[in-house]
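Residues per chain are reported as follows:
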Amino acid sequence: MSLPKRIIKETERLVADPAPGIAAQPHDDNLRYFDVTIEGPDGSPFQRGIFKLELFLPEEYPMAPPKVRFLTKIYHPNIDKLGRICLDILKDKWSPALQIRTVLLSIQALLSAPNPDDPLATDVAKHYKENEKDAQRVSQEWTQKYANLD
Amino acid sequence: MQIPSSPPPGPFFASSEDEGDDVYMAGVESEVPHSSLPTTPRTSSSRSSPPHRLFLEDSDDDVNDICTSESPSVRRPIVVDDVLEIDIDSAATHAKAGPSKPFKKSSSPLDAKQRSNSGPPLKKRRLSPQDTHITTNSFPPTYLGEVLITNAWSNVSGKGYVKPNESIQIQRDEVAAPKPGPSKQAKSVNKKTGDGKKQLSLATMLKAQPTNNFKKKKVDTIVRLVNSRGFEFGRLPTECSWWISKLLELGVVQIRGTMSDCPEKLTTGVSLIVTLHFYIVASAFTPLSTSNSDELPKLTFNEGAETNEETSLRERKSAVVKLFEVIGLKPQAGANFKGKSSDGKIHEEALKRMAQHPTKKVKEIVGDGEEIEVEEAEELSKNDIDTIYKRAQHNDRTMSEMEPADTFNLTLRGYQKQALSWMHSLESGKMNAREAWSMHPLWSEYSFPHEPCMNDDIIDLTADEKLFYFNPYSGELSLDFPKAERNCRGGILADVGMGKTIMLSALIQTSFASDTDKGEEQNSKGKAKQIKLNNAFRIIPKGKQQPHKPPAATLIIAPTSLLSQWSEELQRSSKPGTVDVLVWHGQNRLDIEAMIESDGEDDKTIKVVITSYGVLASEHAKSAKSPIFEINWLRIVLDEAHACKSRTSKTAKAVYALAGRRRWAVTGTPIVNRLEDLYSLLKFLGFKPWSEFSYFRSFITLPFLARDPKAIEIVQVILESILLRREKNMTDSEGKKIVELPPKEITVETLEFTALERKIYDSIYHTAKRNFDQLEAKGLVGKNYTHILAMLMRLRRAVLHPKLVLTEKDGRALSPGGDGNVDVNDLIKRFVGDDTNSGEKSNTFAETFMANLTGDDIAECPICFSEPEAPVLIPGCMHQLYVFLSSSTPCSLMDDVLLSCKDCIVSHIGICEERGQEPQCPTCSQGALKVGWFRNASASNFLTAVQSSDLVEIIRKKTDPDATLNSPASESGLTFRRNDFQSSTKLNALIKSLCKLRDQDPCFRAVVFSQFTSFLDLIQVALERERFDQYRFDGTMDVKKKSAAINEFKSFSRKGKVLVVSLKAGGVGLNLTAANHVFMMDCWWNAATENQAIDRVHRIGQEKTVYVTHFIVANTIESRILQIQKRKTAIVNEAFRGSKSDPESIQNLKIMFGDD
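If you read the protein sequences in the order shown, they are chains A and B. Every letter in the first sequence is one number past the one before it in full-length UniProt numbering, and letter 43, counting from 1, is 43. Every letter in the second sequence is one number past the one before it in full-length UniProt numbering, and letter 183, counting from 1, is 183.
It should be emphasised that the hints constitute simulated quantities derived from the structure, not laboratory data. We put the CB at the ideal spot given by N, CA and C, even for glycine. Treat the hints loosely; a few may be bogus.
Sample of chain A residues facing chain B (criterion: CB under 10 Å; computed from the structure) [stated by the list, open to error]:
1. P4
2. I7
3. P58
Generate coordinates for the entire structure from the input sequences, incorporating the hints supplied.
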């Protein structure tokens, strides 16, 4: 199965002109499978963390959204223990005009702006709602613990 | 030697019954000339006397005289001597004949006397066996061979009848046929009548022969053994008497018998061992009168029954064949000669296999699976038919060439000149075009064996081999070299895609009446009278002209659709004014007679009348005789002659009723699928004797049904003499292809469905597969064949366009009203409609809008990232866009919103609909995203749902660089139209290719084939939208429309043209060499059908490379059809002709529904 022109172009652009704080590299043996790293955005509890994700472009892409998952443990109301992400553009709000880059930027933005009203990890969401400061502290700890490559 | 028992069940007449044999036999006897010859040839008969003398002598002889005058003990050696002498005689010089006499002991006083009276007893046999009469008359009974019969039996008791080594006579009772002259022998026959009758019932008990009282003829096969004194003492056993009696009755052989062993005292029923020596006699070589009436047998309603004629022929044949088999005589050359080359063997095997072709009811599913015709047995597969043609094609490379007449305006190719030469020589009767063979192919050559010597061991090795000829198919014997003979003027031109029309045009111009009639006169005996009469009225070039010129015109009968093509080709290939063509068709048919009457003495134009089979048949049905049947045409040409393959059809009867001196049948398929197809052509050609139905049936149809390979051989032999068939891939004597065509490039373009199409297709496929699996599990596939084919048909349509399978409720209505053009001003007005006060804004919008659209740097499609091939506008966003514009939002965004591949956006919308979501502009959602849309998705309330038919397409023409931006949109090279046409993967691929083609070659010509006319409709709509000049050709159109479509398509123009053709209607006959691009929209089960369609374009006259594009959608039934095509190309035309038991068909179905 040959790779659609769009995926090739997207990959080229991702490599040539990476978005700040984001890196995505396809596997040699499967060009639809990407290793992704996202830096935690400044000003967020995830600052200075390097988060690993995996991204897979399904057969129907771009008509269907890519599948993305955090590999690094993260304390976030919209990301569960398994790394699954609750983000509407990865589900029903997907548009074929979106790209890998925009998806990853959106995820990065999600780190800056957790949305506990639409939670995936309910306990974390509850924590965020009841005591945001404390929750952010835990997030920071986790970032230190799991997302610190130093 | 043990003789095989009982007559074989007539290999040539599977359906005939044994019981009828003798009855018919006897009944026919009076018609067969030999029956008047002595049927009891005896050893005493004179060898040197002509048959009638032989007969007289014989009948004058008193049996008793002979008996008493002969000493039995001397008798046997005599026989040997006689023959030996004959061998020497015939072999050597005249001088030898005299001296040979002393060696001879006269067999009877009478014989000796006669011999001395007649001087040299044996004339030297003519070595050149050219003249039947002489050789036959002077032909002595000649040794053929001998056979030992161990189970003859005695029917008397007592001593002294016969001793071992005594000569005996082998007698057959006289037949009650009227015979000239008094016959004393008749007495002896009469004496035994009672006996015979009784014997009859005994001998024939097992055969259960019904006595036919209608013919009071003998029905027995008794062969009596008579001793030298004339007393019958025994009989031959029935297992050999059936054929020996026939041979004797028909005057084919003399038999000289020797008692090899017997008990001293005979008792009734005791076994006798007899040696029979067979001598072939002169009368055997008398030509058979087949009393061929030109009419069909009156029994046409009962074609299964043999006529008397057929019976007689068959009996003689089988008796002679049996004789040769028993005495072990093998042919040296000719029809039954078994070649040693492996080639021959393979060939033979092929023949055998063919003969074993199972006879079964065959269901044929043609085309859309809607036509199902049930054909009976006799079918031939394509391979079989190829085998049949092979022989006729054998020597074609080396045929001579001939230049056409001066009036011929084109240049013929080599092989066309060969065809001209061949046709010309067939017409003029100088049948030497194929010199490779000269012996009549039905005959085989035998040499007379040497009779084993008893007395001396002298065998004259210097003796020439004596030859004779036997026709194993008819039972005829001849001493003359049987030359291949032709008795009709004309033949079958069965070239495939070689320019048959042109060849015939050359023939018409080259071989017109005057210059060949002399030849005709000389060469034809049978027709001499008629031709002389005709000659009297014929145009004779140098002066000797009669007041009335007779018609020297050619009549061409062709399918209606090809009439105009014939007319045009004839005109094109001749110098102006030399050929006068009349198309006799339609309401107002002109007076043919007036037309073909020549205008004056100097009128040398060649007259050609062209008409259709339909007209001919209707003229034939009229009560008043139509002039077309009154005229004695110089030449009649049947184009696509298989149109009258059924001899009982009205068309065929009308064709037979035509009078013409030269006849041609032109067809690529002389045998469509059964051997009898050929009969009709032979009948038209008057190719005797095969034009006689009984003959054809006896020797071809019935044997074929009985799976006798000879039937095929005969057909090959017939075709060899009258059929010319070359194919494009044949090579000439130098190994070059005989037709050099420009190359043909075939591309298979594999396409991918859009998601929506895939979904529709898959759901149909899974239903069908489930259905099939269930049937297969129950073993009902065979029974539901039609149903399954219908499912397959649906799948094949689904591949082309979902609309072809969806009903209105699930498919979006197709509204082909107009070409869907949208006035850009309306469009703009519509988008700015809310903002009625801001005229300036609207202008700004329009300018920027146009600037963006006409700009060279076209943005990429946000979905597939390529330059949009079919840009579309999304109306809702355009409104939004206006807002952006007015608020100075960077318009870089606009490109993204505006331009999107139609395919991408449509499939996006399709997916949205599938998910039950409101389709949204993909890019606008992105805009919403930037403002934190994921928090509140419903914030993007400015989006309107986009229906794909609301999209507006932008058609970008080659932009005229001078066009100013402010000028009206139409001048800026852009038009807009509603996207109200639901396209499909295949259609898009076609349009894309055509557009590319139009860019490369503005005056291109392309032909698009599909087998579904409903798909042709859609193609036309799509072409209309893209503004292609397009023409259509399908079976529903009448002649005028069809030819108008073709002509307009061919006519010169600077614009590109597309012809959409239904595969079935346009797959054959059409000449579309004006085009050099072919698009095959779907695939046919049979690659050959596709190739034939491609050959409409890739054929003689094509000067450019032909590009064929085959559109296939990946992972659909189409790839499986290709799989089947590849799997067994050779038998693919049988692939779906299945019957229940046909494993091949079911196998093919399994491929269709298999899991890859």
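A quick look at each hint next to the structure:
| no. | hint | verdict |
| --- | --- | --- |
| 1 | P4 | holds, 7 Å |
| 2 | I7 | holds, 9 Å |
| 3 | P58 | violated, 12 Å |
The structure fails to meet hint 3 from the earlier list, while all remaining hints are met.
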